[in-house]
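Asks: Following the hints, position chain H against chain Z.
What follows is the residue order along each chain.
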Amino acid sequence: MAEITKKEEIIYPYLEKPLSVYTFDNGHKAVLAYKKSPLINISSWTKTGSINENSENNGVSHFVEHLLFKGTTKYPAGVFDRTMEENGGIINAATWKDYTFYYINIPKEHFKIALEMHADMIVDAQFPKDEIGPEFDPNKETPKEKRERYVVIEEIRMGEDNNWRKVYKNLNSVMYEKHPYKREVIGTKEIIANISQEEISRYYKTFYTPSNITTIAVGEFDEDEMINLIKDNFKFKDNSNIEKCKTDEKIPEYKIKNPQTIVDHADINTGYIMMGALCDSAKNLKETIALDLLSTILGDGKSSRLYLNLIENVKNPHYYQIESCHYQFKDGDNFFIEANFDPNKKDIVVQELKNHLDNLTTITDEELKKAKKRAKVNFAQDSELVGDIADAIGYWATVCDDISLANNYLSVLNEINKEYLEEIAKKYLNPNLVSTSLLLPKGEK
Amino acid sequence: MEEFKRNNINILLEKTPATPRFALNLFFKLNKKEKYYGINSLLARLLLQGTKNYSASELALEFENECIDISTKAKQDYIKISLVFLNEDFKKATSLVKELILNSTFDDFEKEIYKIKGEITSDLDNPKLKLSDAFIKSIFKNHPYSSCHTKILDDIDKITKQDIIDAHKDILEAQKTLVLVGDFENKEEVLNYFEKEFQFMENGIDKNEIEDIFKNDIKEDEIVWLSKNDASQAQIIQGWLVDSFNSPMCAKIAVLNNILGSSGLSSRLFVNLRDKQGLAYNVRSQYETLLHSAVFSMYIGTAPKNIQKSLEGFKTELEKLANEKVSEKELKGAKENIAGRLKYFSQNNSQIAAINGYNHIMGLGLDYNTSFLKEVNNVTSDDVCNVAKILLNMPKVITIIAPDEYKTSF
Chain Z
1 MAEITKKEEI IYPYLEKPLS VYTFDNGHKA VLAYKKSPLI NISSWTKTGS
51 INENSENNGV SHFVEHLLFK GTTKYPAGVF DRTMEENGGI INAATWKDYT
101 FYYINIPKEH FKIALEMHAD MIVDAQFPKD EIGPEFDPNK ETPKEKRERY
151 VVIEEIRMGE DNNWRKVYKN LNSVMYEKHP YKREVIGTKE IIANISQEEI
201 SRYYKTFYTP SNITTIAVGE FDEDEMINLI KDNFKFKDNS NIEKCKTDEK
251 IPEYKIKNPQ TIVDHADINT GYIMMGALCD SAKNLKETIA LDLLSTILGD
301 GKSSRLYLNL IENVKNPHYY QIESCHYQFK DGDNFFIEAN FDPNKKDIVV
351 QELKNHLDNL TTITDEELKK AKKRAKVNFA QDSELVGDIA DAIGYWATVC
401 DDISLANNYL SVLNEINKEY LEEIAKKYLN PNLVSTSLLL PKGEK
Chain H
1001 MEEFKRNNIN ILLEKTPATP RFALNLFFKL NKKEKYYGIN SLLARLLLQG
1051 TKNYSASELA LEFENECIDI STKAKQDYIK ISLVFLNEDF KKATSLVKEL
1101 ILNSTFDDFE KEIYKIKGEI TSDLDNPKLK LSDAFIKSIF KNHPYSSCHT
1151 KILDDIDKIT KQDIIDAHKD ILEAQKTLVL VGDFENKEEV LNYFEKEFQF
1201 MENGIDKNEI EDIFKNDIKE DEIVWLSKND ASQAQIIQGW LVDSFNSPMC
1251 AKIAVLNNIL GSSGLSSRLF VNLRDKQGLA YNVRSQYETL LHSAVFSMYI
1301 GTAPKNIQKS LEGFKTELEK LANEKVSEKE LKGAKENIAG RLKYFSQNNS
1351 QIAAINGYNH IMGLGLDYNT SFLKEVNNVT SDDVCNVAKI LLNMPKVITI
1401 IAPDEYKTSF
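Those protein sequence lines, which keep their order, are chains Z and H.
Heads up, the first sequence is in my numbering, so the first residue is 1 and it goes up one at a time.
Heads up, the second sequence is in my numbering, so the first residue is 1001 and it goes up one at a time.
Rather than coming from a laboratory, the hints here were simulated on the basis of the structure.
Treat the hints loosely; a few may be bogus.
Heads up, simulated BS3-like pairs for lysine-lysine below, C-alpha to C-alpha not over 27 Å straight-line [claimed, not checked]: (1) Z/Lys302 - H/Lys1117; (2) Z/Lys166 - H/Lys1128; (3) Z/Lys182 - Z/Lys255; (4) Z/Lys442 - H/Lys1305.
Chain Z extracted, bound-state conformation (with noise of 0.2 Å):
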């Protein structure tokens, strides 16, 4: 069993106690919350998602993330579903480039239970064959039992059918030159087919080791009950034996270094856009705030550059949506203006988008003022529920790998002055280093 080796208090903006985070001998992290509310949340957070993956097993995170709930040698398919959901908690999971996690939100007179369910869960996932189903060839035949492939198959032919995935699909892809970043985190309808139980259970004991995870509880509880449970359910195996799956070469990309433009068809009567530029990793705390605020004044909401100019001060606005966002990644951020506009100005659209990046070489007072208390805001907000709070320590521990950064957060907004903005928005969102995607009705050239 593993031991604590280590506790550690983090002050936690909005929260009325500090955070505990436990370290355990062999690398496992816990991490405590208190929150009152008539629920507890529990997740665990990996360290692994598309970053982790190469072009022959691209996609195996996200169908890893689904198999986690066919069953453990204690309990069948389908038991861990039932129980938490016969217990009122509501249950899923969620993959990404950087990580993968797995939340349960019950009653607090049921943790117990999900907590014992969800380590077991974790720790002793089988892949059972049945339950992954034959591989087989998608473009020929139709196997007879459909299983979990068939349902992440299903789950990649819905994305094909969102106008918005198709067109952040093909920007991603020729944003980056080699980084695992540039594939999607669903993968292919081959690879998800083909993929053998033991390369799936490979990839499981390679990267769910417990110096990898990270279990959040937030929500009313004793805290030494809860430590002492975590303690005692997560049972990690020793997979150190076994030969790891390889992964592609990791050297982060922070700038596009040939910005190209993807054109694609639909059948569809409006035009769809994104422009995307690369940025420093989201460990780079001030970096990262200054791109938030540049978010914020560029494209959030009514009152941003891109929604007055564009569509509020404009008689005809050819625009129908318009925003912009900031995506973190350990790896470097992402920056997207997204629009979806009239066709027939695709050309002028392009040129009024890049001309908007350009112009954010310039803020205004009121502007940094205006975005830095929505960054406070969003901070308090994500402070509400149990849910949020675990997903923000979620992102802290696994994206940033440090915790500590988000008690950093609010001093680190306060220095930020308009010409640090100015000088991000130079760095980063010139327009000429950014690449961008269309979608458009078919027979628009």
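Replies: Same frame as chain Z, but now just chain H:
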């Protein structure tokens, strides 16, 4: 949550200590059929598009400079203005919302129509929204609840500014509810403030002119096919008009819905159609209650060749519920799950304000959730069988969006 009546204003208050943001919701009941589809949606949007004292862009800045989140929405039975703001901005937020309600000019009328048309065209690019639009239109026929994207597009150019001014007058005369949830210091001060400053929230008389739409208003099965030839998936909604919250059937339908397809990963549709047959990523059932009707529906996104199999799957699962009693364990689990979900969706100030305000404006009372859970607890396995039997014997509406080549496959 406490209920007060001051100067004929319905005020609901709940103090939630140590929360940094207030949630304020204002509900205006809709009791008339729209002259043209889209009037209420347009009115809700125009409330944010300029007043006698602020242009639309000035309003956006006033709200967003202080991070006062505001949204205005027209739903089937009410228009709701929702605000969330920092405690220190109470006066500013409440003054601004008063300004919107009393001084909106609706001068941006034509521009907003132009924007709505663009947004609807864009929404209809999304096959799921297109499917849902067709389902609403088919199941509610010409009832006011059939107000959907395509009907609004058909009618929107007929709407005049006077129609909006009339609709605005109607909501000011309608029944209303004000809900505030947050960390206020003095309850009396808050009540006095609303009593003095929010006289426009004075409750109107119930002049309902909207008729109920009943389950027997659908005479026979109806299938609506929508073409989407480049779609990777077929998407299906199958639904029925059923009893709503004012019926003893409500709790029974809610339990059946939970067991069949809304408990999450362990529902029967999820386990049998997704996990065991690999038919879908997304499959579920839904029970939406409204004042004059309710809809029970099942949804699946599947490979186009599986349309028939999915429809059979829907039928098989309902037949199992009709013919084989659910176990006491499954029944108890469904009841716990419903209670847990209610807790999950009542966590923060916004959620508490929304749920309680809704219950109040619908005339359900503040203890509705408690009484609903009691009714849920009384549901038996025979009740679940009976609901399933009723559904199997009632005409239904099926809407499907898929490539045309699969039209003959079912």
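Asks: Which hints from the list above does the structure break, by number from lowest to highest?
Replies: none
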